[in-house]
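Asks: What follows is the residue order along each chain.
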Amino acid sequence: MAERDLLLRVSGLKQYFKINRRYTIKAVDGVSFEIVRGETYGLVGESGSGKSTIGRSLIRLYKPTSGEIEFNGSPISGPLGRDTKKMLRTKMQMIFQDPAASLNPRRKVMDLVAEGLDIHRLCPTAAAREEKVYGILQSVGLAREHAQRYPHQFSGGQKQRIGIARALVMNPDLIIADEAISALDVSIQAQVVNLMKDIQRKTGVAFLFISHDLSMVKYISDRIGVLHLGRLVETGDTQEIFKSPIHPYTRALLSAIPRPNPQTERDRVALRYDVHEAGIDYSHGVRRAVSPGHDVLATEEEFRRWTERVL
Amino acid sequence: MTFPTSSGKVNAVRGVDFDLYKGETFAVVGESGSGKSVTVKALMGLLDLNAAVIGTAAFTYEASGQETSCDLLGLSRREMRRKINGQHIAMVFQDPMTSLDPTMTIGNQLMEGMRLHYKIPRAQAYQEAVRLLKLVEIDEAEKRMKNYPHQLSGGMRQRVVIAIALSCKPDILICDEPTTALDVTIQAKILELIKDIQRTLRISVIYITHDMGVVAKVADFIAVMYAGKIIETGTAEEVFYDPRHPYTWGLLSAMPDLETSSARELYSIPGNPPNLLGDFRGDPFAPRNEFALKIDQRLEPPLFKITETHYAATWLLHEKAPRLSKMGLSALREDAML
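In the order they appear, the protein sequences are chains A and B.
To convert a position in the first sequence, counted from 1, into the working numbering, add 3.
To convert a position in the second sequence, counted from 1, into the working numbering, add 10.
Just chain A, same shape as in the assembly (with noise of 0.2 Å):
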C-alpha cells in the first residue's frame, strides 16, 4: 500500500449525537481505516452499528465529533475551505438506497444528471453539458433519449443507473454506495452491480461498499470492514477475512448467511454471539495484527485466545 495511493485515510473518527443533557449516542466510536485508489472496500454489520453513519460522515453530511479524515491529501473533518469543499464536493459522490426517493420527480433525468455539472459550473456551454449527459448516461447503460424523461418513467434497477450517473458525471475519485442494491430485485441487483465493477475497471473510481448482504459484500470488495457497535471489530483483505475470521462477533455473522443449498443449510445453526454474555468490553480492545493488513480489535489476553482457536 504506497503511500501516494491513499485516496482516503480515517483515523478515530467519531460520531456522536447528543439527544438531551444526560443522553448522548456513540454512532461511531473510534473507527479507523483506509481505501485505496480504485479499490472497493465494504462496510459490513447488523443495523444500528453506524455503517451508513460513517458514510454519511466522510461526506459531510454529519459534522464529526472527532477523528481525522483525509481525502486526496486534505483534511476534511475539520472546517472546509473553499477549495477543499469543492474537491470534495466534486471528488466524493455519494448512491442512496432508495432510488425513487432520490431523484426530484419533477426534473428531468438530464438535468437530474447535469445538476452537479451546472452548481459547479462545469460545463460552459449547453452542448457541451449535453454531450457530457450522453455521454454518462450510455456508460451506465441507458439511452440518449432517456435522458428527456422523467424518473417515474423508469424501473427501479433504471433509477438506480440514473442515480449512478448523477455521481460518475462529477468524474469522483470515491462513491460512496450506501445499500445501493439492497432495494432492488436479485434479477436487477446483479445488472448493477456488474455496472459498479465495470465503472470501477474503466475509470479506476473507488467504492465504499456499505451493506448488510454479506454474500454481494465478498463479491464485490477487495477489503472489508466488519462494523459492531460503533466500532471496526474487525478489518483486512476480503478472502482472508472470510477464510479466517478472528473475532467472535465476525465468526458469528458470517455464521448467519444463508447459503442456496438445502441439504446442508437445514440442520446448520448458526454461531450465537452476544457482547455481554461473551464478557467483551470493546472500549479496551486496541488494533491487533492477525497479518499484514488484518487487524482485529482486542486486548491482549483475547488476542492470544481468538488466534489459537483459528490456528
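There may be inaccurate statements among the hints.
Said to hold, decoys possible - With a cut-off of at most 30 Å between alpha-carbon atoms, the simulated DSBU-like pairs for lysine-lysine come out as follows:
1) B:Lys304 <-> B:Lys19
2) B:Lys205 <-> B:Lys156
3) B:Lys19 <-> A:Lys111
4) A:Lys94 <-> A:Lys17
5) B:Lys93 <-> A:Lys21
6) B:Lys304 <-> B:Lys205
7) B:Lys156 <-> A:Lys29
8) B:Lys153 <-> B:Lys129
9) A:Lys88 <-> A:Lys200
10) B:Lys179 <-> B:Lys93
11) A:Lys94 <-> A:Lys135
12) A:Lys246 <-> A:Lys94
13) B:Lys153 <-> A:Lys21
14) B:Lys19 <-> A:Lys246
15) B:Lys32 <-> B:Lys153
16) A:Lys89 <-> A:Lys135
17) B:Lys19 <-> B:Lys51
18) B:Lys19 <-> A:Lys29
Hints are computed from structural coordinates only; laboratory data are not their basis.
Let chain A serve as the given structure and place chain B on it in line with the hints.
Replies: Just chain B now, kept in the frame of chain A:
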C-alpha cells in the same frame, strides 16, 4: 386475479395452483410484481375491494371438534374475519414496525386476538401471552408485556409479531418476507425459531420471499412465481439441484454465494420483469430468456411434469424441444459457481 387501474386491467395472478399439507413448509419465491404477495393476501381475504378473484381455495380445519371445509375465496370479509383470520390462518408481515400498533402495549396486542376469538378471561389470556413471549424467547416476559413497540429492537418486534400470530393457535402461518428488514444474525435466529415452533405445534408454514438462501434453510416445497404464474414447483432438493426453468437457473445464478469468485461477472437476467397490464402473447419470460424458442413467442408453455412432485412451465421440456436444457443449465451454473 385482476385489478382494475386507470390504464386498464392488471392481471396480477394468472392461475396459481398449489397444495399445502399439515406440518409442511411451502415457500413461494419470485421478484416483486410476480404475484406472490397477492396470492396469499387473497387467502387471507386482505385484498382491496376492487380486486376480481376467480378460483377456489379449499381449506379443511377443525372447528368445535369436527372437521369443516370451506372455500376461502368464497367467504365474505365478515366471515373471514370472524372464523378464519387469526384462528386458523395467521400472518407475519415484513415490517414489524408497521404491523404493530404503536399506541398499545405488547401485552394488550397479544391478548386482543385471544379474547376476541376465544372469549377467555383476561387473567387467563395474560398467562397465555406471557407463555407465548417465553416461547419466542423474549427475556423478562412479564416486564415486556407493559412495553410499547418502540421500546423493542427490530428482532424483538418481529418475535412479538410471531407470538401474536401464534396466539390463536393457527393451522397455517403465513410469513410474508419475515426477515427482509432484519440483519443476518437476527434473521437466522427468527428462522430457527419459526422452525422450532412449527415442529412443536405441528402447523403448516407458507413463506414468501425472494431470498434463495432463506428458502434453502426452511422449505420442504418450493414454488417459483413469475408474471403471476407458478413456473416451477417441486421439493427443495429438486428445485435447487435440478432446476429446469431458465428463470430458476437465472435466480440461482444471479445471487453470489460465498464461493462465487470476484473475478467473474455475476450472471444477470437481462431486461426487466414484465408489465402485467393487459394481455400478452406467448411466454412472458421469453424476452429475457436466452434459451427462448420460437414457440415461446406464440404460446405460453403449460406445466410439464418431471417427477411426481416436480413441474416446470417451459417449452424446453417438450419432447420436440432441442435437447439443450441440461447443457444450458450447467453452463450457467458453472458460470456462477466457478
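Asks: Determine for every hint whether it applies to the structure shown.
Replies: Outcome of the hint check:
1. Between B:Lys304 and B:Lys19 the CA atoms are separated by roughly 28 Å; this keeps the pair inside 30 Å, and the hint holds.
2. Pair hint B:Lys205 plus B:Lys156 holds up; C-alpha atoms about 28 Å apart against a cutoff of 30 Å.
3. Of the supplied pair hints, the one linking B:Lys19 and A:Lys111 holds, its CA atoms being roughly 29 Å apart against a limit of 30 Å.
4. For the given pair, A:Lys94 sits about 23 Å from A:Lys17 by alpha-carbon distance, which is consistent with the 30 Å threshold.
5. This hinted pair does not check out: B:Lys93 and A:Lys21 have alpha carbons roughly 50 Å apart, beyond 30 Å.
6. Taken as a hint, the B:Lys304 and B:Lys205 pair is broken in the structure, with Cα atoms around 44 Å apart against an allowance of 30 Å.
7. The straight-line distance between the Cα atoms of B:Lys156 and A:Lys29 is roughly 28 Å, inside the 30 Å bound, and the hint therefore holds.
8. Of the supplied pair hints, the one linking B:Lys153 and B:Lys129 holds, its CA atoms being roughly 24 Å apart against a limit of 30 Å.
9. About 28 Å separates the Cα atoms of A:Lys88 and A:Lys200, which keeps this hinted pair within 30 Å; it holds.
10. Only pairs whose Cα atoms come within 30 Å are accepted, and B:Lys179 paired with B:Lys93 is accepted, the gap being roughly 13 Å.
11. Restraint check for A:Lys94 and A:Lys135: the C-alpha separation of about 17 Å stays at or below 30 Å, so the hint holds.
12. As the CA atoms of A:Lys246 and A:Lys94 are separated by approximately 34 Å, the hinted pair breaks the 30 Å bound.
13. Simply put, B:Lys153 and A:Lys21 have alpha-carbon atoms about 28 Å apart, close enough for the 30 Å limit, and the pair holds.
14. For the given pair, B:Lys19 sits about 52 Å from A:Lys246 by alpha-carbon distance, which is inconsistent with the 30 Å threshold.
15. Pair hint B:Lys32 plus B:Lys153 does not hold up; C-alpha atoms about 35 Å apart against a cutoff of 30 Å.
16. With a C-alpha separation of about 20 Å, the suggested pairing of A:Lys89 with A:Lys135 holds against the 30 Å cut-off.
17. A distance of roughly 19 Å separates the Cα atoms of B:Lys19 and B:Lys51; the hinted pair therefore holds under the 30 Å criterion.
18. Distance check on the hinted pair: B:Lys19 and A:Lys29 sit about 51 Å apart at the alpha-carbon level, beyond 30 Å; violated.
When held up to the earlier numbered hints, the structure conflicts with 5, 6, 12, 14, 15 and 18 and fits the remainder.
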